[in-house]
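Asks: One letter stands for each residue in the lines below.
Number of protein chains: 2
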Amino acid sequence: MTKMKKATLIIKNIGQLITMAGPAPRTGAQMSDLGLIENGGIAVSGEEILFVGESEKIEGQAELAEGCTVIDAKGMVVTPGFIDPHTHPVFSKTREKEFEMRIQGKTYMEIAESGGGIRSSVRDLRETDFATLKEKTKERLDRFLSYGVTTIEAKSGYGLSLESELKQLEVINELNKTHILDLIPTFLGAHEVPDEYRSDREAYINIIINEMIPAVTKNNLAEFSDIFTEEGVFTIAESKKIQQTAKDAGLKLKFHADELQSTGGGELAAELGSVSADHLVYISDDGIEAMAKSKTVAVLLPGTTFSLSGKQYAPARKMIDEGVIVALSTDCNPGSSCSESLPIIISLAALQLKMTAAEAITAVTVNAAAAVDRIGKIGQLVEGMQADITIWDMGDYRELPYHYGVNLVSQVVKKGKLAISN
Amino acid sequence: MTKMKKATLIIKNIGQLITMAGPAPRTGAQMSDLGLIENGGIAVSGEEILFVGESEKIEGQAELAEGCTVIDAKGMVVTPGFIDPHTHPVFSKTREKEFEMRIQGKTYMEIAESGGGIRSSVRDLRETDFATLKEKTKERLDRFLSYGVTTIEAKSGYGLSLESELKQLEVINELNKTHILDLIPTFLGAHEVPDEYRSDREAYINIIINEMIPAVTKNNLAEFSDIFTEEGVFTIAESKKIQQTAKDAGLKLKFHADELQSTGGGELAAELGSVSADHLVYISDDGIEAMAKSKTVAVLLPGTTFSLSGKQYAPARKMIDEGVIVALSTDCNPGSSCSESLPIIISLAALQLKMTAAEAITAVTVNAAAAVDRIGKIGQLVEGMQADITIWDMGDYRELPYHYGVNLVSQVVKKGKLAISN
Numbered sequence: 002m003t004k005m006k007k008a009t010l011i012i013k014n015i016g017q018l019i020t021m022a023g024p025a026p027r028t029g030a031q032m033s034d035l036g037l038i039e040n041g042g043i044a045v046s047g048e049e050i051l052f053v054g055e056s057e058k059i060e061g062q063a064e065l066a067e068g069c070t071v072i073d074a075k076g077m078v079v080t081p082g083f084i085d086p087h088t089h090p091v092f093s094k095t096r097e098k099e100f101e102m103r104i105q106g107k108t109y110m111e112i113a114e115s116g117g118g119i120r121s122s123v124r125d126l127r128e129t130d131f132a133t134l135k136e137k138t139k140e141r142l143d144r145f146l147s148y149g150v151t152t153i154e155a156k157s158g159y160g161l162s163l164e165s166e167l168k169q170l171e172v173i174n175e176l177n178k179t180h181i182l183d184l185i186p187t188f189l190g191a192h193e194v195p196d197e198y199r200s201d202r203e204a205y206i207n208i209i210i211n212e213m214i215p216a217v218t219k220n221n222l223a224e225f226s227d228i229f230t231e232e233g234v235f236t237i238a239e240s241k242k243i244q245q246t247a248k249d250a251g252l253k254l255k256f257h258a259d260e261l262q263s264t265g266g267g268e269l270a271a272e273l274g275s276v277s278a279d280h281l282v283y284i285s286d287d288g289i290e291a292m293a294k295s296k297t298v299a300v301l302l303p304g305t306t307f308s309l310s311g312k313q314y315a316p317a318r319k320m321i322d323e324g325v326i327v328a329l330s331t332d333c334n335p336g337s338s339c340s341e342s343l344p345i346i347i348s349l350a351a352l353q354l355k356m357t358a359a360e361a362i363t364a365v366t367v368n369a370a371a372a373v374d375r376i377g378k379i380g381q382l383v384e385g386m387q388a389d390i391t392i393w394d395m396g397d398y399r400e401l402p403y404h405y406g407v408n409l410v411s412q413v414v415k416k417g418k419l420a421i422s423n
Numbered sequence: 002m003t004k005m006k007k008a009t010l011i012i013k014n015i016g017q018l019i020t021m022a023g024p025a026p027r028t029g030a031q032m033s034d035l036g037l038i039e040n041g042g043i044a045v046s047g048e049e050i051l052f053v054g055e056s057e058k059i060e061g062q063a064e065l066a067e068g069c070t071v072i073d074a075k076g077m078v079v080t081p082g083f084i085d086p087h088t089h090p091v092f093s094k095t096r097e098k099e100f101e102m103r104i105q106g107k108t109y110m111e112i113a114e115s116g117g118g119i120r121s122s123v124r125d126l127r128e129t130d131f132a133t134l135k136e137k138t139k140e141r142l143d144r145f146l147s148y149g150v151t152t153i154e155a156k157s158g159y160g161l162s163l164e165s166e167l168k169q170l171e172v173i174n175e176l177n178k179t180h181i182l183d184l185i186p187t188f189l190g191a192h193e194v195p196d197e198y199r200s201d202r203e204a205y206i207n208i209i210i211n212e213m214i215p216a217v218t219k220n221n222l223a224e225f226s227d228i229f230t231e232e233g234v235f236t237i238a239e240s241k242k243i244q245q246t247a248k249d250a251g252l253k254l255k256f257h258a259d260e261l262q263s264t265g266g267g268e269l270a271a272e273l274g275s276v277s278a279d280h281l282v283y284i285s286d287d288g289i290e291a292m293a294k295s296k297t298v299a300v301l302l303p304g305t306t307f308s309l310s311g312k313q314y315a316p317a318r319k320m321i322d323e324g325v326i327v328a329l330s331t332d333c334n335p336g337s338s339c340s341e342s343l344p345i346i347i348s349l350a351a352l353q354l355k356m357t358a359a360e361a362i363t364a365v366t367v368n369a370a371a372a373v374d375r376i377g378k379i380g381q382l383v384e385g386m387q388a389d390i391t392i393w394d395m396g397d398y399r400e401l402p403y404h405y406g407v408n409l410v411s412q413v414v415k416k417g418k419l420a421i422s423n
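Protein chains in written order, with the numbering used here: chain A, 2 to 423; chain B, 2 to 423.
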């Protein structure tokens with residue numbers, strides 16, 4: 002703590018202060034260590050955490066600035082602001098009719114023939130103007146924030162043309178400047194081969210490599226490059242070629258891997274030093290072993306399996322037991338998982354992935370920070386880190402998965418400012 | 002419409018006005034008929050609905066009172082206020098540690114031995130004073146309201162002694178007077194045999210029959226009598242005896258039936274003319290046939306199966322196809338289903354029970370009204386009925402199950418008054 006800085010915001014008398022102080026990221030049994038302080042207190046100066054410890058020690062450690070905001074969190078739980086490391090939030094049209102068709106047993110082909118599927122989101126994205134996209138996306142950011150999230154990773158991938166991919170990334174970058182939430186932009190031109198290149202996929206791959214990646218990096222529009230590596234989408238060889246190009250151009254990597262079948266995406270992500278590999282419902286034992294040896298974070302998306310009425314969920318327990326760094330995310334998108342709520346994902350992580358409340362909280366804080374390469378900056382409540390804090394209206398952190406489908410957020414502090422107060 | 006009455010609240014330009022006008026309750030294909038009016042409007046006078054129809058016709062049909070509240074619901078969905086026909090909301094302590102033990106694979110016995118299970122809620126209820134119970138329950142009512150619910154059925158059943166059962170019912174009746182939500186009280190003294198009568202269950206049944214039911218009816222504390230009919234709890238013969246006594250004393254009936262195995266609870270409910278039979282996960286074909294021939298409503302609780310990581314859900318499609326009146330509920334309780342959100346139940350009804358959005362909305366409006374014997378009063382937006390109305394921030398009603406785990410309520414009108422405005 003620097004003696005010069007004065008506290009501009011204090012949270013005192015916190016029933017359970019979950020600091021996540023300690024190893025970052027966490028694996029195995031470490032995922033159960035929340036760095037919990039009972040009757041805790043936090044002092045914030047500007048955008049930064051000044052002091053974290055016992056509530057009664059705040060006054061001895063931090064001098065209060067004039068007009069300092071003081072929050073009494075008696076009987077409440079405080080966590081780092083949650084981080085959602087995998088979202089597709091830039092779209093206009095929702096796809097609820099398709100959801101209902103699936104419930105009624107319609108096949109993927111029947112849905113596609115009725116104009117549904119990812120192609121409908123591509124048409125939507127291309128047809129929708131920048132201002133409308135920005136407004137629709139902003140509503141989603143507000144909803145993320147209201148559920149205790151303070152940072153999201155946000156992907157392109159519904160444009161699938163140079164112009165439309167850039168438009169989507171520009172929406173993300175613009176909202177990162179104007180909205181209180183932090184957005185981390187990811188280029189996902191390799192989300193699918195667009196209709197106009199179905200008969201010449203090589204040509205589309207060349208556009209990604211020769212036009213899109215250079216334009217994205219030149220304009221500094223993305224931090225990550227992601228790809229949908231899957232049978233029928235991009236093969237392992239194509240994925241390697243595209244992602245190596247992205248890496249050489251200075252982008253960090255992410256993968257949609259082993260979502261529908263085991264194709265070796267997890268192994269490839271580990272091999273290329275990818276920051277994360279996501280989905281992993283069908284990851285092989287070799288894939289788990291490769292990821293456990295690497296620093297690549299496994300971002301699990303149980304909401305997607307849930308929302309698609311899937312039978313098989315990612316093998317989370319095996320991954321945790323074998324030492325893979327596990328994070329969780331909503332996968333917020335208009336097709337397979339329309340939700341901005343990490344709390345419902347935590348309930349699903351408990352019920353379907355058999356993760357404890359502590360493991361799930363680790364997976365949306367410090368391990369999610371690792372999945373977006375922000376360790377040491379966010380995801381932990383530690384002196385000097387960014388003051389992103391969520392205050393929960395619950396007496397015990399285990400209530401988070403248990404009290405399902407409702408919003409238990411009391412207040413959200415983003416960069417030291419009170420952003421939500423319910 | 003009475004010419005004398007002036008509109009005190011108007012909702013105009015409603016994108017999709019879901020009136021539920023028509024048959025009440027609804028079975029089979031009728032459950033898909035929402036009585037939907039595009040660009041609809043509603044006029045309310047005091048606590049009552051004055052006009053329902055096309056938005057442009059409001060002015061010709063209703064004279065506006067001075068200071069009339071006008072809500073523009075352009076691009077939104079409006080439904081009857083939702084009705085939750087099966088809740089256990091009166092408790093103090095949540096049981097999240099038990100939830101986590103289940104996730105970790107602990108057995109029912111291990112949980113019971115560690116002090117968990119329904120017995121812990123009985124201890125809690127007996128030890129907690131009236132004011133605390135009222136305050137804790139009030140918080141839950143506020144949460145129900147925030148998720149678009151305007152009426153709940155509320156059970157006793159954690160007291161299991163004359164004094165404590167009455168205390169619980171008094172909390173419900175007191176909150177029904179002071180809270181804007183309507184509560185419909187149900188006596189559930191036969192929720193379980195309390196510890197002190199484990200070796201003499203006949204004695205406890207006699208207390209229910211000779212002391213509790215008379216005290217409940219004498220003080221007019223409940224409208225319904227419910228019982229947990231299940232192997233190891235109350236047998237069919239015991240259930241028949243207790244419920245016949247309750248019926249003779251003037252109480253309407255409900256049953257917890259066929260939740261854990263097929264014990265013939267559905268059949269017994271139909272035979273005794275019960276208003277509803279609830280759970281029904283293991284209802285037999287004979288039970289479905291008996292219920293289809295009766296007016297007994299099947300109240301399905303998919304959140305309970307979900308929250309217990311159950312593999313088998315109630316056979317909703319079969320029930321609907323065979324003509325059973327189907328309603329949905331949260332089963333809000335501290336053990337097996339801690340949630341006040343009917344929207345997440347609607348998502349589960351879609352994903353697990355394969356009910357469409359229209360069927361699920363029918364199940365929490367007009368059919369839920371049948372489950373609490375309120376047909377013609379609530380659950381439909383029809384002239385002369387109570388003005389309980391929920392306005393949803395969505396363009397199409399099918400978004401309700403699809404956009405899961407978040408709160409899409411914009412405003413709630415209860416008895417003609419704006420109770421929630423997000």
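Careful, some of the hints might be misleading.
[As the list claims (entries may be wrong)] So, partial list: chain A residues that the calculated Cβ filter (under 7 Å) puts toward chain B:
#1 Gly16
#2 Pro195
#3 Asp196
#4 Tyr314
#5 Ser340
#6 Ile345
#7 Val407
#8 Ser411
[Stated by the list, open to error] Derived lysine-lysine pairs resembling DSSO-like cross-links, with alpha carbons at most 30 Å apart:
#9 B:Lys355 to A:Lys312
#10 B:Lys168 to A:Lys13
#11 A:Lys107 to A:Lys75
#12 A:Lys98 to B:Lys219
#13 A:Lys94 to B:Lys98
#14 B:Lys98 to A:Lys13
#15 A:Lys6 to A:Lys418
#16 A:Lys312 to A:Lys107
#17 A:Lys242 to A:Lys253
#18 B:Lys168 to B:Lys107
#19 A:Lys355 to A:Lys139
#20 A:Lys296 to A:Lys241
#21 B:Lys98 to B:Lys58
#22 B:Lys139 to B:Lys178
#23 B:Lys168 to B:Lys139
#24 B:Lys219 to B:Lys296
#25 A:Lys355 to B:Lys378
#26 A:Lys137 to A:Lys319
#27 A:Lys135 to B:Lys178
#28 A:Lys75 to B:Lys94
#29 B:Lys355 to A:Lys75
#30 B:Lys178 to A:Lys98
#31 A:Lys135 to B:Lys75
#32 B:Lys98 to B:Lys75
#33 B:Lys294 to A:Lys13
#34 B:Lys135 to A:Lys137
#35 B:Lys253 to B:Lys98
#36 B:Lys219 to A:Lys312
#37 B:Lys219 to B:Lys355
#38 B:Lys94 to A:Lys355
#39 A:Lys296 to A:Lys416
#40 A:Lys75 to B:Lys137
If you're looking for bench data, these hints aren't it; they were derived computationally from the structure.
Note that this is a predicted model, so its numbers are computed, not measured.
Glycine included, each C-beta is placed from N, C-alpha and C at the ideal position.
Asks: None of the hints should be skipped; say for each whether it holds.
Replies: Each hint, compared with the structure:
1. Gly16: Status violated, d = 13 Å.
2. Pro195: 25 Å, violated
3. Asp196: The hint is violated - Asp196 of chain A has no Cβ within 7 Å of chain B, the shortest such distance being about 25 Å.
4. Tyr314: With a closest approach of 12 Å, the Tyr314 of chain A hint is violated.
5. Ser340: 5 Å, holds
6. Ile345: 3 Å, holds
7. Val407: 5 Å, holds
8. Ser411: 12 Å, violated
9. B:Lys355 to A:Lys312: 14 Å, holds
10. B:Lys168 to A:Lys13: Roughly 36 Å between the alpha carbons, so the hint for Lys168 of chain B and Lys13 of chain A is violated.
11. A:Lys107 to A:Lys75: 50 Å, violated
12. A:Lys98 to B:Lys219: Distance of about 52 Å is beyond 30 Å: violated.
13. A:Lys94 to B:Lys98: Not satisfied, since the Cα-Cα distance of roughly 40 Å exceeds 30 Å.
14. B:Lys98 to A:Lys13: 25 Å, holds
15. A:Lys6 to A:Lys418: With a Cα-Cα distance of about 16 Å, the restraint between Lys6 of chain A and Lys418 of chain A holds, given a limit of 30 Å.
16. A:Lys312 to A:Lys107: 17 Å, holds
17. A:Lys242 to A:Lys253: Holds - the C-alpha atoms of Lys253 of chain A and Lys242 of chain A are around 14 Å apart, at most 30 Å.
18. B:Lys168 to B:Lys107: 33 Å, violated
19. A:Lys355 to A:Lys139: Outside the cut-off at roughly 33 Å; violated.
20. A:Lys296 to A:Lys241: 18 Å, holds
21. B:Lys98 to B:Lys58: Violated, because 55 Å separates the two Cα atoms, which is more than 30 Å.
22. B:Lys139 to B:Lys178: Holds, at roughly 12 Å.
23. B:Lys168 to B:Lys139: Roughly 15 Å separates the two Cα atoms, so the pair holds.
24. B:Lys219 to B:Lys296: 28 Å, holds
25. A:Lys355 to B:Lys378: 44 Å, violated
26. A:Lys137 to A:Lys319: Between Lys137 of chain A and Lys319 of chain A the Cα gap is close to 38 Å, so the pair fails against 30 Å, i.e. violated.
27. A:Lys135 to B:Lys178: 46 Å, violated
28. A:Lys75 to B:Lys94: 17 Å, holds
29. B:Lys355 to A:Lys75: Between Lys355 of chain B and Lys75 of chain A the Cα gap is close to 43 Å, so the pair fails against 30 Å, i.e. violated.
30. B:Lys178 to A:Lys98: 41 Å, violated
31. A:Lys135 to B:Lys75: 20 Å, holds
32. B:Lys98 to B:Lys75: Since the Cα atoms of Lys98 of chain B and Lys75 of chain B sit roughly 44 Å apart, the hinted pair is violated (cutoff 30 Å).
33. B:Lys294 to A:Lys13: Not satisfied, since the Cα-Cα distance of roughly 61 Å exceeds 30 Å.
34. B:Lys135 to A:Lys137: Cα-Cα ~41 Å, so violated.
35. B:Lys253 to B:Lys98: With Cα atoms ~36 Å apart, Lys253 of chain B and Lys98 of chain B exceed 30 Å; violated.
36. B:Lys219 to A:Lys312: 52 Å, violated
37. B:Lys219 to B:Lys355: 44 Å, violated
38. B:Lys94 to A:Lys355: 24 Å, holds
39. A:Lys296 to A:Lys416: 28 Å, holds
40. A:Lys75 to B:Lys137: 16 Å, holds
Comparing the model with each numbered hint stated earlier shows that hints 1, 2, 3, 4, 8, 10, 11, 12, 13, 18, 19, 21, 25, 26, 27, 29, 30, 32, 33, 34, 35, 36 and 37 do not hold.
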